[in-house]
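The opening residue of the sequence shown carries number 1 in the working numbering; numbering runs sequentially from there.
If you're looking for bench data, these hints aren't it; they were derived computationally from the structure.
We put the beta carbon where it would ideally sit given N, CA and C, even for glycine.
It is possible that some hints are incorrect.
Below, a list of computed lysine-lysine pairs in the DSBU-like style, where the Cα atoms sit at most 35 Å apart [to be verified]:
| hint | residue 1 | residue 2 |
| --- | --- | --- |
| 1 | Lys88 | Lys132 |
| 2 | Lys159 | Lys88 |
| 3 | Lys69 | Lys132 |
| 4 | Lys269 | Lys27 |
| 5 | Lys158 | Lys88 |
Per label pair, the in silico range of CB-to-CB distance [to be verified]:
| hint | residue 1 | residue 2 | range |
| --- | --- | --- | --- |
| 6 | Ser191 | Asn111 | 36 to 42 Å |
| 7 | Ile170 | Ser51 | 47 to 53 Å |
| 8 | Leu188 | Pro268 | 20 to 26 Å |
| 9 | Asn6 | Ala256 | 55 to 61 Å |
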Amino acid sequence: MSILDNRSGLRQEVGQIAEAAGYLWEKGWAERNGGNITVNITEHADDGMRSMAPISEPIAIGMTLPHLKGCFFFCKGTQKRMRDLARKPMENGSVIRILDDCAHYEIIADNPVMPTSELPSHLAVHNYLIGKGSTYRASLHTHPIELVAMSHNPDFLKKDVLTRLLWSMIPETKAFAPRGLGMVPYMLPSSTALADETIKAIDDDYDVVMWEKHGVFAVENDIMSAFDQVDVLNKSANIYMCARAMGFVPDGMTEAQMTELSTVFNLPK
1 MSILDNRSGL RQEVGQIAEA AGYLWEKGWA ERNGGNITVN ITEHADDGMR SMAPISEPIA
61 IGMTLPHLKG CFFFCKGTQK RMRDLARKPM ENGSVIRILD DCAHYEIIAD NPVMPTSELP
121 SHLAVHNYLI GKGSTYRASL HTHPIELVAM SHNPDFLKKD VLTRLLWSMI PETKAFAPRG
181 LGMVPYMLPS STALADETIK AIDDDYDVVM WEKHGVFAVE NDIMSAFDQV DVLNKSANIY
241 MCARAMGFVP DGMTEAQMTE LSTVFNLPK
């Protein structure tokens, strides 16, 4: 019996996660076991879920996260592939429950699949989001090819340089990724330092953060919205690189054109 049985809301949520995982694989953004997804599913936790017996011993998070007490998360499994998560989400991911000490979790369903090694970083971001009263429930880490390539250019790592370049490539980018792209210099993957710097970047009102030479980390209300933000930003990066491959530097939209766009569509300037 699956935790999804007789829980239509949770089943729909996990189905959306599986759909997004498939898109990540199809785009080439999730090689081997690359990338991670963690979604806060507490809103779907009924009395049955809350009383469900664990299928693991308590596991230390490595930090205390006070805003996550009693929360439930769906997490991609460690060493699991996105292409497999897309086909069989409950065999390649797991549902975890944060214990009352806010420093441990236990797996409750469906299989004892250990969550991603980057779980502490993801949970730290979720703890921050809940603490600030955000409605964001989904976090996504993936490796979009063009954006990662652009992060190898030091000029693009300066604050908002790449944001304004990407916004200028096509109007939809500013419309659908209005907060742009935060930047975090290279740090060891899965490290506490990387989590701390990611939270600082999100605190500056970014929804998508570029990890230099590694990938992006996006947060949104649901996993598909997080995917969409990365998708539109990477589309702009692809347009820029296509123009350069044709032998010219694209003009991009002018500041006046982007200001007009922001005014008409009530976007941040």
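Here is how each hint holds up against the structure:
Distance check on the hinted pair: lysine 88 and lysine 132 sit about 34 Å apart at the alpha-carbon level, within 35 Å; holds. Among the hinted pairs, lysine 159 with lysine 88 is inconsistent with the structure: their alpha-carbon atoms are about 40 Å apart, more than 35 Å. Pair hint lysine 69 plus lysine 132 holds up; C-alpha atoms about 15 Å apart against a cutoff of 35 Å. For the suggested pair lysine 269 and lysine 27, the alpha carbons sit about 31 Å apart, so the restraint of at most 35 Å is met.
With a C-alpha separation of about 40 Å, the suggested pair lysine 158 and lysine 88 falls outside the 35 Å cut-off, and the hint is violated. Serine 191 and asparagine 111 have their C-beta atoms about 28 Å apart, which leaves the hinted 36 to 42 Å range violated. Distance hint check: the CB atoms of isoleucine 170 and serine 51 are about 50 Å apart, consistent with the given range 47 to 53 Å. Remark: the range hint 20 to 26 Å for leucine 188 to proline 268 is contradicted by a beta-carbon distance near 32 Å.
Hint check: asparagine 6 to alanine 256, Cβ distance near 56 Å, so the stated range 55 to 61 Å holds.
Consistency note: the structure conflicts with the earlier hints numbered 2, 5, 6 and 8.
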